[in-house]
Amino acid sequence: MARKKIREYDSKRLVKEHYKRLSGNDLPIKSAQVTESTDLVELQEKEPWLSSSKLVVKPDMLFGKRGKSGLVALNLDLAQVASFVKERLGNEVEMSGCKGPITTFIVEPFIPHNEEFYLNIVSDRLGNSISFSECGGIEIEENWDKVKTVFVPTGVSLTSEIIAPLVATLPLERACTALNLMAMAVATTTPLCTFKSFSVKGNKTWDVCTEEAQNLHVTLLQIQSVPTQMTTARSQLLSEFRRERGYERRKERIGQVALTFLQIKGEIEEFLNVIFNLFQDLDFTFLEMNPFTLVNGKPYPLDMRGELDDTAAFKNFKKWGNIEFPLPFGRVMSPTESFIHGLDEKTSASLKFTVLNPKGRIWTMVAGGGASVIYADTVGDLGFANELGNYAEYSGAPKEDEVLQYARVVIDCATSNPDGQKRALVIGGGIANFTDVAATFSGIIRALKEKESKLKAARMHIYVRRGGPNYQKGLAKMRALGEDIGIPIEVYGPEATMTGICKEAIQCITASA
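Numbering of the sequence shown is given in UniProt numbering, commencing with residue 1 and proceeding in unit increments.
Just so you know, the hints here were simulated from the structure itself, not pulled from any lab data. Even glycine gets a Cβ: it sits at the ideal position worked out from N, Cα and C. Treat the hints with caution; some may be incorrect.
To be verified - Straight line, CA to CA, 30 Å or less: simulated DSBU-like cross-link-like pairs of lysine-lysine:
no., residue 1, residue 2
1, K477, K315
2, K30, K16
3, K315, K352
4, K265, K298
5, K46, K298
6, K58, K46
7, K352, K99
8, K99, K68
9, K315, K265
10, K298, K359
11, K4, K449
12, K265, K65
13, K58, K477
What the hints assert, rightly or not - Listed next, with one range per pair, are the computed distances between beta-carbon atoms:
no., residue 1, residue 2, range
14, G383, T154, 37 to 43 Å
15, P153, S51, 29 to 35 Å
16, I431, E400, 30 to 36 Å
17, P469, K346, 23 to 29 Å
18, S453, E36, 40 to 46 Å
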């Protein structure tokens, strides 16, 4: 599983598009993306709500805490949004120690609200964890003790029984309990010993209804204080109470409010269920709504973060549509990295390349994702992380021409700016299952021959370790190459350890001339 962050705009687009497919109900999310190339006139024609609604604008750059950082503007018109974007587009900001320019914004309708709920779903090896709280928003970390979490094992459906612990402490649920007790008191004239304080933040209907029920209850207590022997007087007082206080109307109103709150609780439970199913259906690995609120009694996401399993792209290309996997905030691709990324996009194989230190003296060109991590980690564990020039990985049986183009880039970076000190290039890998080692080595050998003069100028020493189908032929070609171009090449098969040749490379660059 490869977790790749996506922009908030794409998270909301996917949730909106597929919520109706999975539930039969609309989720009326509206959002627009603004970048340097956006024509606001064309965008306004495409999204008419931009000119008829008050708006919210914020950066969409894969970092959080935008509200606390003063990067969210509320209740603006489109002209004010344009001004906000213009003032900040391209500006460098620092978030959690990472610096980078703001290049992308998301614009949405401004939704006045009182309730703020928190929802988070994250996947791991054995299932998915769902976290929920009625105390969402920018202070969620300060209220983390109010977050409830349940774990749903892989293959298990989400049921109301599993959801129950998440919503058990909802103020809405406590309010329903209180309202039902009050309605019972009004209906039966059974006195309640105490009224506990229940509230739903900012809900005027609830506040008024609570006050009415309390007033009714006080009057009923007064009537019930009449001695039971005075049955006639007591009945007369109760009849007058019901007539003068509009008993039936008030009782009905209390019941209606209680029903409304029960419906809202049901809406939230249904929302959690649909979002969880959507999470699995679209191969999300992480989805957070902080907060979502209620609009006309229906859940509505205000802020969202998402990550997808990009290895599932092959089966989701229609569902995901034109999805973008941006680089982490603060990370900018170099021209060479962009070139390899372009190759990777066009091939069914995997070609990855990241420059870590352009002046590093240990460079790698490793077959296999797991092996590439082992080589990089070993160099770091041996205390030479500062000399590691790159992270590189090729796998999935790339074609010879693809390997040739890939190897050219790695060698160019590894040999740039020679300074007279020795360097090491590790061409390694594990033991291949299906990849023809000799075939992939053919592309690397062609590149090494082309770059002979650069390799010599950089005083490059090459270390090769590989196993798998046809590996003996591939290793023989590598040995012959060393003799042919006059460059030191140490060649090993699967009898040598991957960590062992990393040690040899380090000994090479640290040895005296």
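Hint check results:
1. K477 with K315: Roughly 39 Å separates the two Cα atoms, so the pair is violated.
2. K30 with K16: holds, 9 Å
3. K315 with K352: Within the cut-off at roughly 22 Å; holds.
4. K265 with K298: holds, 10 Å
5. K46 with K298: With a Cα-Cα distance of about 26 Å, the restraint between K46 and K298 holds, given a limit of 30 Å.
6. K58 with K46: holds, 20 Å
7. K352 with K99: holds, 24 Å
8. K99 with K68: At roughly 17 Å apart (the allowed maximum being 30 Å), K68 and K99 satisfy the hint.
9. K315 with K265: violated, 35 Å
10. K298 with K359: Violated: K298 and K359 sit about 56 Å apart, past 30 Å.
11. K4 with K449: Given that 30 Å is the threshold and the Cα spacing comes to 37 Å, the pair is violated.
12. K265 with K65: holds, 28 Å
13. K58 with K477: violated, 56 Å
14. G383 with T154: 37 to 43 Å: Given range 37 to 43 Å: holds, Cβ gap about 40 Å.
15. P153 with S51: 29 to 35 Å: At roughly 48 Å between Cβ atoms, S51 and P153 fall outside 29 to 35 Å, so the hint is violated.
16. I431 with E400: 30 to 36 Å: Given range 30 to 36 Å: violated, Cβ gap about 21 Å.
17. P469 with K346: 23 to 29 Å: With a Cβ separation near 25 Å, P469 and K346 satisfy 23 to 29 Å, so the hint holds.
18. S453 with E36: 40 to 46 Å: With Cβ atoms ~41 Å apart, the hint holds.
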